[in-house]
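Q: If you want the building blocks of each chain, they are given just below.
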Amino acid sequence: MHPMRDKIAVAGVGASPQGKFPGATPITLATTAFKRALDDCGLKKEQIDGILTMPGTTSPEGALNYLRFGEAVGINPRYTGSKNMGGGTAGALLHEAAMAVHCGFANYVACVFGDTAATGGNKFNRASGWGDSWGIWGFMAAAANSAITASRHMALYGTTSRQLGEIAVACRRHASMNPEAVMRTPITIEDHQASRFIVEPLHLLDCCLISDGAVCVIVTSAERAKDLRQPLVTIAGMGQAYTTENMEREDWWYVPHQKMAVADAYAMAGVGPRDIDVAQLYDNFTSSVLVWFEHAGFCKVGEAGSFVEGGRIQLGGELPINTAGGNLSESYMEGWLHLVEGVRQMRGQCGERQVQGAEVCLVTGRGQALNCANATILKKG
Amino acid sequence: MTTTAEYTKPLPTLTDDNRPFWDACRDKRLSMQQCDGCGHIRFPINHICPRCLSEKFHWQTLSGRGTVFSYIVFHQVYNKAFAQDVPYNVALVQLEEGPRLYSNVVGVPNDAVKVGDSLEVVFDAVTPEITLPRFRLAG
Numbered sequence: 075m076h077p078m079r080d081k082i083a084v085a086g087v088g089a090s091p092q093g094k095f096p097g098a099t100p101i102t103l104a105t106t107a108f109k110r111a112l113d114d115c116g117l118k119k120e121q122i123d124g125i126l127t128m129p130g131t132t133s134p135e136g137a138l139n140y141l142r143f144g145e146a147v148g149i150n151p152r153y154t155g156s157k158n159m160g161g162g163t164a165g166a167l168l169h170e171a172a173m174a175v176h177c178g179f180a181n182y183v184a185c186v187f188g189d190t191a192a193t194g195g196n197k198f199n200r201a202s203g204w205g206d207s208w209g210i211w212g213f214m215a216a217a218a219n220s221a222i223t224a225s226r227h228m229a230l231y232g233t234t235s236r237q238l239g240e241i242a243v244a245c246r247r248h249a250s251m252n253p254e255a256v257m258r259t260p261i262t263i264e265d266h267q268a269s270r271f272i273v274e275p276l277h278l279l280d281c282c283l284i285s286d287g288a289v290c291v292i293v294t295s296a297e298r299a300k301d302l303r304q305p306l307v308t309i310a311g312m313g314q315a316y317t318t319e320n321m322e323r324e325d326w327w328y329v330p331h332q333k334m335a336v337a338d339a340y341a342m343a344g345v346g347p348r349d350i351d352v353a354q355l356y357d358n359f360t361s362s363v364l365v366w367f368e369h370a371g372f373c374k375v376g377e378a379g380s381f382v383e384g385g386r387i388q389l390g391g392e393l394p395i396n397t398a399g400g401n402l403s404e405s406y407m408e409g410w411l412h413l414v415e416g417v418r419q420m421r422g423q424c425g426e427r428q429v430q431g432a433e434v435c436l437v438t439g440r441g442q443a444l445n446c447a448n449a450t451i452l453k454k455g
Numbered sequence: 030m031t032t033t034a035e036y037t038k039p040l041p042t043l044t045d046d047n048r049p050f051w052d053a054c055r056d057k058r059l060s061m062q063q064c065d066g067c068g069h070i071r072f073p074i075n076h077i078c079p080r081c082l083s084e085k086f087h088w089q090t091l092s093g094r095g096t097v098f099s100y101i102v103f104h105q106v107y108n109k110a111f112a113q114d115v116p117y118n119v120a121l122v123q124l125e126e127g128p129r130l131y132s133n134v135v136g137v138p139n140d141a142v143k144v145g146d147s148l149e150v151v152f153d154a155v156t157p158e159i160t161l162p163r164f165r166l167a168g
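Chains Z and F, in that order, are what the protein sequence lines are. Offset between the first sequence (1-based) and the numbering used here: plus 74. Offset between the second sequence (1-based) and the numbering used here: plus 29.
Misleading hints may appear alongside valid ones.
[Stated by the list, open to error] Covered, in the sense of this in silico footprint (three residues per stretch, anywhere, with C-beta under 8 Å from a C-beta of chain F), are these stretches of chain Z:
| # | stretch |
| --- | --- |
| 1 | 208-217 |
| 2 | 220-226 |
| 3 | 264-275 |
| 4 | 316-327 |
[Claimed, not checked] Calculated Cβ distances over 10 Å to all of chain Z for the following chain F residues:
| # | residue |
| --- | --- |
| 5 | D45 |
| 6 | P49 |
| 7 | E126 |
| 8 | E158 |
| 9 | A167 |
[Said to hold, decoys possible] Derived DSS-like pairs (lysine-lysine); straight-line CA-CA distance at most 27 Å:
| # | chain 1 | residue 1 | chain 2 | residue 2 |
| --- | --- | --- | --- | --- |
| 10 | F | K57 | F | K143 |
| 11 | Z | K109 | Z | K157 |
| 12 | Z | K81 | Z | K454 |
| 13 | F | K143 | Z | K374 |
| 14 | F | K85 | F | K57 |
| 15 | Z | K94 | F | K109 |
Don't read these hints as lab results, they were simulated from the structure. Even for Gly, the Cβ is constructed at its ideal location relative to N, Cα and C.
Taking the hints into account, I'd like the entire structure generated from these sequences.
A: What follows is the structure, given as C-alpha cells:
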C-alpha cells in the first residue's frame, strides 16, 4: 500500500467572495480566503508553518508571490514557494503540501490563490505557443487549444456540440444551487446552441468565466486533523503527469497525460472509476470535461459524447460532476474551488447539492496549453 | 491577403535559429530541420534534436503536402489586427513527412474544410521580408 494513502488531510477550506471587485487586489482577496480557511478548521495563524501559493494572472510579484503573501499575513514559514501551472496548479500545490507534511517539512500548510482577472484586464490575447510562434497565423488565446481538441474529437468520434452543451447545462444547474456562484440562472441546450461562437466549434457557453476571487486550502496530517473543527477528509490518492511537447506529440490534442495522472491517483488510493461517487473535473472549456470522462475510465475512448447525455452527470444522476458549478458557472478560480467543493462534499456540507452518501470524490486539474494534469482522490474519514 | 506597408498582425522575430525557415518561405519552399543523428524532422524550430539531443542537422525541403489534423474558426477578436478577418480559420496541419504546424486554409469558405482533407502549401508574402506558409485544399 502506498505510504501516504489516507495519511494526509485537507483540514480547512475558505474562499473569498467571487465575481468582479474593482479595487480589490489578488493579495487582499487571498488574505480573506486564508482567514476563512483558518476559521473553517479552527487553526490560529501562528500554527501555519507552510505557505504555497499560485500567483494570479494579475499578481505583480509573479513567482515571488509567496513572499508577498507571507508578509501580508505575518508568517515566516518553514516551507514555502510559488508555482504556476495554470489550472494545473491547485492540485500540484495540494500534492506538494501533502508531501511537505508527510516528510516533516511543515505541520500545517496553507495553499493559496488569489486573482483579479475579471477586473485586472487579462485579455488572454497572446499567442498560444512559445514566443511569437502561432499568433502569426491568428492562433491565440486559451480557447484555441481546447477547440483543437473538440474539433478532432468531433471528427473522429461523431461528438456533437449539443453533447458539449450537456456539460454546460449540468454545471449551470449545479451553480443555481450554490449561493456563492457567479452565474446562477439555469440554461438549456438551446441557450448553449444559440450562444455566439468564440472559437468554433466552441460557443460562449462552452467557455469558463473570468473572475476575481481567492481560495485557500489547509493541509495537515490526518492525525492532527482529527483534533480540528471539521469532519475528517483525507487524501487517498494523488497523481500528476505532463506533456511538454505540443506539436511533436501526435496525441497531444487528446492530453494523454491526463489518463496517466488519474491512473496514478487511482493506484495510490486503491480505487477505480466505479468507486467514484462524485467528481470535480477541471472545466476551462466543456471539451476538457469530455476527455476527462474517457481518461478517468468512466467510459471508453470516443464515447464521452453519449456518456454525458440523459442527466447522467447531473445531481441525481450516476456521476454528478462539478456540483458547485465549476469554472464554467461557479467562478473561474482555475480549479481551486473544485478542491473546496470536493472537500465539502466529503464532509456532507453541501446542502441541496449534496450527493447523498458520497464517500469518494475525484478532483482533477489541468493547465497551460493542455500540458499539465493532476488528479486527487478525496475520501470521507 | 495583400502585402502592404501597414501589416499589423504578429510577425516572427527573426533569429539565427529560425532565419533559414523564413528565408526558404520567401523562396517558396517549406523547409524544416532534419536531425543528422537520428533522421527526425522536427518542428517547432529547435537548436537541438528533442529525440536524440544531437546538435547536427540540415534544413530539408518538404513536399508541402499534408492533411487537416484539426480545424477551428476564430470568431472572437483577441488581437485587433485580426478584426477585419473574423471569422477566420486555423488548421492544425499534419505534413506528410511527419511534423505538424498551425496555419490557415485559404481560397475556400471556412465551412468547406473538414478534418482529413488533403492540403498543399501556398506562400503569402505579407511583408518584403516575411512570407507566410498557408495551405489550400488539394484536389
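Q: Confirm or reject each hint.
A: Going through the hints against the structure:
1. Coverage of a stretch by a chain is defined here by at least three residues with a beta carbon nearer than 8 Å to that chain's beta carbons; for the stretch 208-217 of chain Z and chain F the count is 9, and the condition holds.
2. Against chain F, the stretch 220-226 of chain Z contributes 5 residues with a C-beta closer than 8 Å to a partner C-beta. That satisfies the three-residue criterion, and the hint holds.
3. Only residues whose C-beta sits within less than 8 Å of a C-beta in chain F count toward coverage, and the stretch 264-275 of chain Z has 6 of them, enough to reach three; the restraint holds.
4. Only when three residues or more bring their CB closer than 8 Å to a CB of chain F does the claim for the stretch 316-327 of chain Z stand; here the count is 5, and the claim holds.
5. At roughly 14 Å from the closest C-beta of chain Z, the C-beta of F/D45 stays outside 10 Å, upholding its exclusion from the interface.
6. With 10 Å as the threshold on Cβ separation, the claim that F/P49 sits away from chain Z holds: the shortest Cβ distance comes to roughly 16 Å.
7. Every C-beta of chain Z lies more than 10 Å from that of F/E126, the closest at about 13 Å, which supports listing it as non-interface.
8. Annotated as non-interface, F/E158 keeps its C-beta farther than 10 Å from every C-beta of chain Z; the closest such distance is 13 Å.
9. Against chain Z, the non-interface label of F/A167 holds: every CB pair exceeds 10 Å, the least being about 18 Å.
10. Simply put, F/K57 and F/K143 have alpha-carbon atoms about 26 Å apart, close enough for the 27 Å limit, and the pair holds.
11. For the suggested pair Z/K109 and Z/K157, the alpha carbons sit about 21 Å apart, so the restraint of at most 27 Å is met.
12. For the given pair, Z/K81 sits about 12 Å from Z/K454 by alpha-carbon distance, which is consistent with the 27 Å threshold.
13. As the CA atoms of F/K143 and Z/K374 are separated by approximately 25 Å, the hinted pair is consistent with the 27 Å bound.
14. Taken as a hint, the F/K85 and F/K57 pair is honoured in the structure, with Cα atoms around 25 Å apart against an allowance of 27 Å.
15. A hinted pair counts as satisfied when its Cα atoms are at most 27 Å apart, and Z/K94 with F/K109 qualifies at roughly 25 Å.
This entry satisfies every hint, going by the numbered hints stated previously.
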